[in-house]
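Peer 1: What follows is each chain in one-letter form.
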Amino acid sequence: MENSQIIILAIIATSLATFISRFMGALTSEKVSVKSKIFQWFNCVAYSTLAALLGRMIIFPAGVLAGSELIIRLVVMIACVALFVLTKKNLVIPTVFSAIFLSFLINF
Amino acid sequence: MINSRVFFQGLISLKGSKSPAIPLGACFIALGALLKDAGFNIQQSAASSLFTYALPGQLVMAESLLLGASVINIFIAVWLVNFRLYPMTVSLFPLLNHKSQPKWKYYLSCHFLAVSSWLIAKDSYKNINKRHRIDFWIGIGIGTWSTAILMTVLGYLAADYLNKDMLIGLAIVNPVYFFCMMIGAMQNLSMSLAVILGTVLGPIIYLFSSEWALLFAGLIAGTIAFLFGEKNGK
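Heads up: the protein sequence lines correspond to chains A and B, in order.
For my numbering, add 673 to where a residue sits in the first sequence, where the first one is 1.
For my numbering, add 3 to where a residue sits in the second sequence, where the first one is 1.
Take the hints with a grain of salt, since some may be wrong.
[Said to hold, decoys possible] Covered, in the sense of this in silico footprint (three residues per stretch, anywhere, with C-beta under 8 Å from a C-beta of chain A), are these stretches of chain B:
1) 9-18
2) 152-166
[Said to hold, decoys possible] Under the rule of at most 25 Å between Cα atoms (straight-line distance), these lysine-lysine pairs were calculated in the DSS-like manner:
3) B:133 - A:708
4) B:21 - A:704
5) B:129 - A:710
6) B:102 - B:18
7) B:18 - A:710
8) B:167 - B:129
9) B:125 - B:21
10) B:129 - A:708
[Claimed, not checked] What follows is a set of in silico ranges between Cβ atoms, one per label pair, in the way DEER data are often shown:
11) A:744 - B:107: 46 to 52 Å
12) A:710 - B:75: 34 to 40 Å
13) A:740 - B:212: 22 to 28 Å
14) A:777 - B:5: 43 to 49 Å
15) B:75 - A:711: 46 to 52 Å
Hints are computed from structural coordinates only; laboratory data are not their basis.
Even for Gly, the Cβ is constructed at its ideal location relative to N, Cα and C.
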């Protein structure tokens with residue numbers, strides 16, 4: 674198969690695999706009441722899954738981030754969270770700072 | 004059909020001190036450059052963000068393609084990594100539900116569900132009248148989605164000018180943003196437990212099974228946090 678056909682198939686497969694979860698979620702939501710226990714459970718599972726993804730992104734990153742050292746990523750993360758708390762939950766400052774700080778540290 | 008005042012209220016959540024535009028821009032610029040590396044042309048790169056719009060899944064796709072994985076394998080790997088969108092949708096859409104709103108709005112706008120838009124919506128839905136919350140969500144979604152597509156194109160075009168250090172710098176922005184937003188969301192015991200346990204269990208289970216890690220870590224940590232919250236009255 675030609676390379677460009679494989680890419681197009683991969684885009685379709687990726688988009689379908691992603692949309693299934695979103696659409697199933699929309700269908701399930703029609704039967705879930707905000708006050709129910711099952712809603713609370715889904716809420717906890719959603720936050721946990723997200724946190725798990727985040728933990729994995731920092732400890733075992735995919736893509737270019739894998740080219741930096743773990744200890745440097747942890748230092749940047751801790752510094753940015755501290756900055757987030759210090760700036761009374763401003764998100765622009767820690768996010769901009771994180772890119773600059775990490776680029777600085779890997780060249781230090 | 005769509006309440007434009009509420010729609011724009013959602014759309015302008017792109018600016019301000021909680022703006023998701025910077026992290027979204029940073030990570031999709033990095034993705035655009037990566038897709039160019041993986042042999043995509045500019046239309047394919049834009050189409051990937053347009054139709055998938057979920058960064059971890061797109062990363063898995065690009066890496067699998069580089070490794071020469073089959074389309075079926077890509078489908079399964081992406082489904083597993085993006086399955087998180089299912090509990091995320093179920094923990095958001097009931098909050099946006101209103102019987103006066105047509106169902107197609109929900110079925111179409113679920114495509115906008117991604118971590119950044121979800122965190123913004125969870126953070127601000129309370130300020131919006133229940134009747135119009137879905138329009139607010141569509142506003143957030145259109146804003147974040149179009150930012151992602153534009154930035155993918157920009158990253159593709161800028162790929163030759165971005166060196167490795169710059170790309171690594173761009174890639175850290177997104178996890179930092181997510182982490183700060185999650186800490187902002189830790190407002191009660193069960194929520195804090197869900198976040199902390201998930202962060203710890205995610206990488207640990209990844210050591211045993213890279214594909215199933217997110218699913219298992221989310222289920223185990225979330226269920227423990229839920230039960231603990233029930234027992235201690237939150």
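Peer 1: Give a verdict on every hint.
Peer 2: For each hint, the structure was consulted:
Against chain A, the region 9-18 of chain B contributes 0 residues with a C-beta closer than 8 Å to a partner C-beta. That does not satisfy the three-residue criterion, and the hint is violated. Under a criterion of three residues with beta carbons nearer than 8 Å to beta carbons of chain A, the stated coverage of the region 152-166 of chain B fails, only 0 such residues being counted. For the hint linking residue 133 of chain B to residue 708 of chain A, the alpha-carbon distance of about 15 Å falls within 25 Å, and the restraint holds. Pair hint residue 21 of chain B plus residue 704 of chain A does not hold up; C-alpha atoms about 32 Å apart against a cutoff of 25 Å.
At roughly 20 Å between alpha-carbon atoms, residue 129 of chain B and residue 710 of chain A fall within 25 Å of each other, so this suggested pair holds. Restraint check for residue 102 of chain B and residue 18 of chain B: the C-alpha separation of about 31 Å exceeds 25 Å, so the hint is violated. Taking the CA atoms of residue 18 of chain B and residue 710 of chain A, the gap is about 34 Å. The hint is violated against a cut of 25 Å. A hinted pair counts as satisfied when its Cα atoms are at most 25 Å apart, and residue 167 of chain B with residue 129 of chain B does not qualify at roughly 42 Å.
Pair hint residue 125 of chain B plus residue 21 of chain B holds up; C-alpha atoms about 13 Å apart against a cutoff of 25 Å. At most 25 Å may separate the alpha-carbon atoms for a hinted pair to count; residue 129 of chain B and residue 708 of chain A meet this at roughly 15 Å. Separated by about 50 Å at the C-beta atoms, residue 744 of chain A and residue 107 of chain B satisfy the suggested range of 46 to 52 Å. Between residue 710 of chain A and residue 75 of chain B the beta carbons are some 37 Å apart, a value that agrees with the proposed interval 34 to 40 Å.
A hinted range of 22 to 28 Å holds for the C-beta pair residue 740 of chain A and residue 212 of chain B, which are about 24 Å apart. Distance hint check: the CB atoms of residue 777 of chain A and residue 5 of chain B are about 45 Å apart, consistent with the given range 43 to 49 Å. Under the hint 46 to 52 Å, the C-beta atoms of residue 75 of chain B and residue 711 of chain A, about 33 Å apart, miss the expected range.
Checked against the numbered hints above, the structure breaks hints 1, 2, 4, 6, 7, 8 and 15 and satisfies the rest.
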